[in-house]
Amino acid sequence: MPILDHLWIIPLLPLLGSAINGLLGGKWPNTIVNTVALGATGLSFLCALEAVREFLTLSSDKLPFPPQHYFDWIVAGSFRAGFDLEIDQLTVVMLMVVTGVGFLIHIYSTGYMAHESGYYRFFSYLNLFMFFMLVLVMAANYVLLFVGWEGVGLCSYLLIGFYFLKKSASDAGKKAFIVNRIGDFGFMLGMFLLFRTFHTLDFTTLFAAASNPAWGHEAWGQFGTFTIACLLLFMGATGKSAQLPLYVWLPDAMEGPTPVSALIHAATMVTAGVYVVARSHILFVHSETAMVVVAVVGCATAFFAATIGLVQTDIKRVLAYSTVSQLGYMFLACGVGAFSAGIFHLMTHAFFKALLFLAAGSVIHAIGGEQDMRKMGGLSTKIKYTFRTMFIATLAIAGIPPLAGFFSKDAILFSAFQIEGGHPLYAIGLLTALLTSFYMFRLIYLTFYGQPRYDEHHVHVHESPWSMLGPLVTLAVLSVIGGWIAAPALWGGPDYFASFLAPVLTSPQGAEAVNEAAAHQLEIILAIVAVASALLGWGVAYWLYIRQPAKPEQMAKSMRPVYNTLLNKYYVDEFYAAVIIKPLMWISTNVLWKFVDVAAIDGTVNGIASGATSIGDTVRHTQSGNTRSYAVWVVIGALVVIAVIFFWPAARPVVGMVR
Amino acid sequence: MTPQLAIFFVLAALAVLGALNLIIQRHPIHSALSLIVVMIALAGLYLLMGSEFVAAVQIIVYGGAIMVLFVFVIMLLNAGVEERTNVSKLAGVAGIPLAVALLGFLAAAIARSNESAQAGVEAGTLANTKEISTMLFKDFVYPFELTSFLILVAILGAIVLAQREKS
Amino acid sequence: MVPTSYYLILSAVLFGLGVVAFVFKRNVITIFMSIELMLNAVNLAFVAFSQARHQSDGQVFVLFVIVVAAAEAAVGLGIIILMARNRQSLNVERVDFLKL
Amino acid sequence: MISFLNANATIIIYLVKIALLLFIVLTVNAYLTWFERKVVAHMQSRWGPHRVGPHGLLQPLADGAKFLLKEDPTPAGVDKFTYFLAPLMALALALTSIAIIPFGPEPLHILGRDITLGIADLNIGILALFAITALSVYGVALAGWSSNSKYPLLGGLRSSAQMVSYELSLTMSVVGVLLLAGSFNLRDIINAQAHHPERGIFGWNVWPQILGFFCFFVAAVAETNRVPFDLPEAESELVAGFHTEYASFKFAMFFIAEYTSMITVSCLCTIMFFGGWLSPFPASWTFTHYLPSVILLPFGLWVIWDGIRYETIFGRLVLPGIGTVLTVIGIALAVPQLQFVNEFVQGPFWLLGKIFVFLFVYVWMRGTLPRFRYDQLMSFGWKLLLPVSIANVVITAFAILMWGAR
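Chains as they are written, first to last, in the working numbering: chain A, 1 to 659; chain B, 1 to 167; chain C, 1 to 100; chain D, 1 to 406.
Please keep in mind that the hints were generated in silico from the structure rather than gathered at the bench.
Only a predicted model underlies this, so the values are computations on that prediction, with no experimental measurement involved.
We put the beta carbon where it would ideally sit given N, CA and C, even for glycine.
Heads up, some of the hints might be wrong.
[What the hints assert, rightly or not] If the Cβ cut is set under 8 Å, some of the chain B residues that face chain A in the computed set are:
#, residue
1, Leu-90
2, Ala-94
3, Gly-95
4, Ile-96
5, Ala-109
[Stated by the list, open to error] Beyond 10 Å from chain A on every Cβ pair, some chain B residues (computed):
#, residue
6, Ile-23
7, Gly-44
8, Asn-78
9, Val-87
10, Leu-98
11, Lys-130
12, Val-141
13, Leu-146
[To be verified] Now the stretches of chain D that chain B is said to cover, found in silico as 3 or more residues with beta-carbon under 8 Å:
#, region
14, 147-157
15, 161-170
All chains should be built: construct the whole structure from the sequences, respecting the hints.
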């Protein structure tokens, strides 16, 4: 089994592509850059496929497949972090999503970025991102995972600020980077705590140690090691996956090119948080508090972002907020212990949200870079393929059966309903689903229906090239059939997805409870309710934006404060600015700069310098330049050495005289 | 008073006188000549101790190459009698006592060391050339290579130093 | 049958004379020669020890010293030639500017 | 008296040997000058010396007398000590180097004592020779410097530079031989070439060491400041080079020193590359042992006949006397009763023969070759000779590693 023994090939190929393009690509024409970038990604996709095939055909006695150790990276005392890659069911899913969607988006980018400057740079970053993401999902210990974690953060920063001449873009990049650092700080603390507790950061050993029943279950409100570690890890997750309170960077990240938004800020990177939580579920299930916190935060984020999404006018921002809220769904799933459901939603969401972004990119591309939905409309006839694919994606995200979104979201809501005290979560989740379908259809209607609101003389609408449409179609198909693997679960059959992930995500609570006859009726009912809410949202959207297009403005006027609050995203940015940034600025100006730097550090340095000068002035005179005097000094030195050796035997080893 | 001892004393006297002459003479050529005398005397002592190879090398390299270089340079620069300037007070004052002190220390160290208690050196006990060569090319091969490199560097340095700037 | 200490004392005396020359000669070439003298004294001690202890490595070391002396002579004489060229003097006390 | 002799026999023997050798060498030197002049003259189709005595045979004596009797001025402003030291050094070193040469294989038995041919038989023989050669630079250099005059100074500078440069290749080119012999001792080197008696001439070192031989010979010629490397005393440029300011016997010292070193070099060439005292014929050809008598007999007869033609005392008496002596020796070597003498003579005979050949080559070169230019000399020495000799060392070492010393 060649690839399984050489897992390193999969991440290394994109790195190579990135290096080649980044170092040499500057002078090359786009076609060569394409060949390199697509070649690298496509090859690694094929390798991933092969690896998955080999892994699935692995005889059961070989399972679980042991981590592949390639070289020791850090070795310090008892601490050991190797470059170890592993592959298991969870990794398989992530691998497929990352390489597959990544490859499609690469193809799409060749069309979308065709006319941009810095083409090679873009693809170099993109490949680099692929590399780090693959490292992240294949890492066999927290340290290597953190490498990928930071690497994708870096790439996201680079790509958000791709148009670095645009101030807003570079600011957005910095914002993303800084906010992520806050989360990473927690993540690192969590790692430290874990290492201190288990003396290792390798997944297999660590989880084996953690699943030892000797570690008791930490009840609600009890802050043991697990709770704190999990909360810290989750802090990192909130940063990376844009959950409350650290979600603020994601909407601004839309400054980057659309394929980036699709790949990094919808499909792959932002789901890393979910992946980490799922990966370390064994730690989480130990702690009631952590689970509850995850669930509540996820739920709150989902609802919160959805409400903001209601009123946004920038098409990509709407999608961004919907991403945030969908991520919230995933965390909700994890929080209620349905990790497989969370991962499932992660996968389906990757499909349709990537599709949405790409389609939105296609729309923007079509009408010449305009992103404001108020300046669109009536595009459905002009760009048919884009419209159809985007509509499919909307159906999927809204949770209309039998598309992917329906199954995953239903599974989440169901398992949220299952756990005790989960009903409020379920209720909010349901409401969010309603809102989701509303603002998604609002987006559709504003964009594709009604009268064209753009200047038809200047803007000449044109369908995108097939290099862009191809991925759209592929993703559309995926977002249709992507969820069917879980379909049997709905008709009471086994949940194939859960059972596939079962070897990894065996958690004492949650998903197992599903397969019970009693629960089955309930699931049907809940599904119907969910679909009903989705349809309701769709209806409202239709009524508001097709029947009386004037209505929304009146509503906005009638409840101005609410509208403004939503429009300004609850003034969260302003709040942060006031509470955190201003004080920080003040401290750094008045304390760090004026006092510490100027007074203390510079003072010391200058003092040393002047001291050296004065000493030199006095000592200078010994340097007469007369060789004979120097000779005398040499002799004196020799005398001193000999005298020491002679009178002070203890010093002989020091002087080097062994006897 | 065995013949060896006699030879030793003769050669030692020769060496010391040569060294003294090196100091007394005021013309570098004469100093060089007296230094050559010292070296030849030392070579004789080596022979007396039975290490012929070192003796030969001493004469060939020191006497035949290094000192020739010195003489050559003196002739090239046409160096005259050295002038007795006394700019350095320190050397004038502290020189002699320091040298005496150094000598005293060394003598005391020798007197105290248990080596001198040993019987001593009878000629030709060992150190036939073969042994030296095996040691040089087996145990000390890396230092040996290093010295070859050192010589290369020295040659380059000398060339760079002595060549006139092409102007 | 010569006691080792004789050789050692002789080498010590030579070394001391070398030091004296080192301090008292003004001609840079002579100073150089005095350094060679000291090296020779050390060599003598080396050979004496190696013969007294019946170990050849002392003599090997002497060979190394000679090689180093040769290299040093090459470079040093180059410097001396340069000095004579730039200063028209070989007296070290006339060359104390610490700069060219 | 006898007891005294017995007591210090060794010392006395040594002294005698030294005196003898000195005498021989000096005489040979004297007649070498005669030989050289004759040969060169004939090469230039002249008669050469032929006034003083038959064939000018007494010319060397006349020259010696001239050297001794001439006035010996000391130029003004010379550095006295060095000025006197230089020729002494040159001569002393040149003569010392002869002492290491062995002249015959087995010792002479006289009064129950073994007297080896050759004075000092050191086991670092060749190294000692090189040491002495190395020191012999000083004679020339100091002479040039001390005589406080331009041309000598230039000559001295040149010679010291030249000697130091060529000493390297001289030493390197011998290493091959030393590797083959595995010893510094000259006797061992010769015996190493006698390893295959049946091969005769083909057992000598020249064949494996042809490269080394050429390097050695060239370097040696340069060491001895002979044509074509006689730049230190290039008459046409430097008047007479380093010994311009020297007159009468001091000059003679340099002269003798030069010729002595010629002899030494010839000895070295013979010993190290041409099998020393080994006969060029396979050991089985015993009849070749009569070669000495075969040569001596007719030569002696010719000398007698030649002497008769002169009417001078010298011609009438001395030459026939020498002739008869030679003839007698030739006959004596031939008679079976004195076989052991013949056997004993073989070694020295071949050795001297070869040495003679080399001396002739020296003279021959002087008669034919032009002089190098200084820069040519240096570049030749450093850029050609040294690399070649080093390459020779490497090749030899490799060969020995592959196929062993023999």
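Right, here's what the structure says about each hint:
no.	hint	in the structure
1	Leu-90	holds, 5 Å
2	Ala-94	holds, 5 Å
3	Gly-95	holds, 6 Å
4	Ile-96	violated, 11 Å
5	Ala-109	holds, 6 Å
6	Ile-23	holds, 14 Å
7	Gly-44	holds, 28 Å
8	Asn-78	holds, 22 Å
9	Val-87	violated, 6 Å
10	Leu-98	violated, 5 Å
11	Lys-130	holds, 29 Å
12	Val-141	holds, 24 Å
13	Leu-146	holds, 20 Å
14	147-157	holds (count 3)
15	161-170	holds (count 4)
The structure shown violates the earlier hints numbered 4, 9, 10.
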